[in-house]
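S.K.: Chains as they are written, first to last, in the numbering used here: chain A, 4 to 547; chain B, 25 to 145.
You may find that some hints are simply not true.
[To be verified] In silico contact screen, one side only, chain A against chain B (beta carbon under 7 Å); selected entries:
| id | residue |
| --- | --- |
| 1 | G40 |
| 2 | P41 |
| 3 | R115 |
| 4 | L390 |
| 5 | V396 |
| 6 | G400 |
| 7 | R470 |
| 8 | R473 |
Calculated from the structure, these hints are not laboratory results.
Glycine residues also receive a C-beta, built at the ideal position from the N, C-alpha and C atoms.
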Amino acid sequence: MAVLPPGVSAADFAAALSQMATALGADWVFSSDDDLGPYRDSFSPVWDTARERRAGAAVAPADVAQVQSVVRIAARYGIPLFPISTGKNFGYGGPSPNVNGSIVVDLKRMDRVIEVNDQRHFALVEPGVSYFDLYRAVQERGAKVWIDCPDPGWGSPVGNALERGVGYTMGHFRDHFGAHCGIEAVLPNGEVVRTGMGALPGSQSWQEYKYGFGPDPAGLFAQGNFGIVTKMGFRLMPAPEHYRSGLITVPRRRDFVALVDHVNYLSDSFMVGEAVYGSPLASLMGRPDFLALATKPGGASDTDLDAAASAAGLPSWQVELQFYGPEAATAAQWAYARDRICSAIPGAKAVAGEHFSLPPTPDQLANTTQPYHSLIRRNGAMGVPSLGIWKIVRDNGHVGFFPVLPRSGEACFDMQRVMCDALREFPLPPFFSAVTAPLYWHTFAFQMVFAPSVKRDDPAHNAMVDRAMRKAVEVAAKHGWGDYRAAPIYQDAVADTYSFGDHALRRMLESMKDAIDPQGIIAPGRGGIWPRRYRESRDGRTSA
Amino acid sequence: MRVLTLIAALAMATPATAATERPAPRPDPAKGAAVFAKWCAPCHAPGMRHPGTAALAAKYNGQLPPELERRSDLTPDMVALYVRAGISLMAPFRKTEISDPQLADLGAYLSPRPHAKGARK
Ligand SMILES: Cc1cc2nc3c(=O)[nH]c(=O)nc-3n(C[C@H](O)[C@H](O)[C@H](O)COP(=O)(O)OP(=O)(O)OC[C@H]3O[C@@H](n4cnc5c(N)ncnc54)[C@H](O)[C@@H]3O)c2cc1C
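Same shape as in the complex, but just chain A (with noise of 0.2 Å):
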């Protein structure tokens, strides 16, 4: 056993262990390195490092009972538990928990999809089940709903939505933990709760009222660690009838600025998928003289960026807009869409996309016809997994930054070039510069991308990133814009950066989780909530 969680002894871990095994079978307790390898972050830039975060331990329950056994046999010794429902987050940390020697509790098998309901609209899951597996039931069972799904579809509905991760259909349904409707949930005591009508014994409208009576605790559960997730409700989108796409250009730089407030009408009025933005002219990359432009420090003039885009006969932004629902409502959002940018923006074209009837056949799946260069990836847009999109993991992985920031047009040219001036000391890829476009994933809210990869055998190129990693927090929370989730190693720092009223906010938590959680043994440190036990450490912790 290399790694135990600290202040815990040999002798209480292998005595917790031995009880764990009794209560679900010794077949589901891993403790050797070869079984517990697969639990290490295969992306982590401190790979074998000191700093790299290990588990002591994995146990797979069953069901609830088991899982209250596994809470309660931790809370006699102190140990800390961290909780995965596919353990698929790579990009921010894996399956690794926040505090080495912790015991994952790996909820993989506990994988029933327990209602799919297209009458009124919503799923309910356990931990277990996969984005393929809530794919595969839908349809075994003819269900008339899309699921909404990340990219590499081997995640999970519950492991996803708490780390609040995105998809890529409308607004309201690529928010992950948005659209959550229901939690059941083991306390850090080993009691069950149920949030909103779940509460209510005999209520049937549990995915249908997320809120029930008085406060609502379900956001504690995401990126927290007040318990242990075992079921949860979805909100799901009818399957619509048709599905229409259109591209509209812009010439000039300054034109993305009523581009972006266009785009935000018609995405907030519920008319538009997934918007995809972009530059055409990052096809310019490639060459040193645009190159040094695009990433010129202090940033290209519009002048300059709009003579070059002229000079290319390329315009400078674009947007790609999907439009989904019967045939002729969709023919009419594309019209409305098209007539309100063309007729406000000089210069702006409009191109008709695809449409065809839903489901798509694999051609349109794989978005090869269209009459234009397309950026969107159709299997998220038609909320059909796969795990195409790994096709973009470079090296061994990477880790991820992904700032939000306005949904307006100036917020984007200052990010490109605060973030390019920023980064440019570290020998990486462009990732922030003048045809750097937002991405419209959360409801509500840019992103923009960092995401630095990861060389198993080059530890200076890691170092590299890490540095870089942490001074990309660090500027963009000195220009408001944070972090929406990270990995175990960043963490702290991130928090650290949610400061408002000197902390309040991580207090008013601390003080929950001491009184939820007094031995402190659910995720410790997840989402920068130390509890008290370890909470002396967090400035060891934050920069070590």
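Starting from the known structure of chain A, arrange chain B with the ligand on it as the hints suggest.
M.R.: Only chain B with the ligand this time, still in chain A's reference frame:
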């Protein structure tokens, strides 16, 4: 580092150290096909849209087929090592995902067996 360990382990692996040390039913290639379809096909099915197939096409550059199901050089031990340890950008798989008996079935499916090969076509 891990790549080196893997290669060393591969070099030492012999048929006698198969992934089926515990007394288990004989590995069943038909069951292995189902394991492949569920866990491997999303990356390793035929076609360059599948990232595992695309990565192996780039790696072998025509010297070996990029589709795992067309390989004739895989052994259950190799399959077990890659599944449990991962390789390059492929993450490893846990026993809660692919159990040891399922891994043995998968190994039987992917290693060359005349009758099974035909069945796979
Ligand atoms: C190439 C690539 C593309 C990606 N694309 C996307 C994308 O499009 N959208 C996206 O959102 N992400 C994306 N990701 C990130 C990640 O792969 C997914 O978010 C994935 O779904 C997360 O893993 P999971 O679902 O297995 O969750 P898990 O790893 O199971 O859970 C995530 C975390 O939530 C907590 N948790 C999980 N289960 C429980 C529980 N039952 N109770 C309490 N806490 C729990 C734990 O802290 C855990 O670490 C991408 C990653 C890569 C490498």
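S.K.: Take the hints in turn and mark each one as holding or not.
M.R.: Here's how the hints hold up against the structure:
Taking 7 Å as the C-beta contact cut-off toward chain B, the hint placing A:G40 at the interface holds, the least distance being around 6 Å. Taking 7 Å as the C-beta cut-off, the interface hint given for A:P41 holds, the closest approach to chain B being about 4 Å. At a threshold of 7 Å, the smallest CB-CB gap from A:R115 to chain B is about 15 Å, leaving the interface hint violated. The beta carbon of A:L390 is positioned within 7 Å of a beta carbon in chain B (closest approach about 4 Å), and the interface hint is therefore held.
For A:V396, the shortest C-beta to C-beta distance to chain B is roughly 4 Å, which falls under 7 Å, so the interface hint holds. Among the interface hints, the one on A:G400 holds; its C-beta lies about 6 Å from the nearest C-beta in chain B, closer than the 7 Å criterion. The interface hint given for A:R470 is violated, since its Cβ lies 22 Å from the closest Cβ of chain B, which is over the 7 Å cut-off. Annotation: interface hint on A:R473 violated; nearest CB of chain B at approximately 24 Å, more than 7 Å.
Of the numbered hints listed earlier, those contradicted by the structure are 3, 7, 8.
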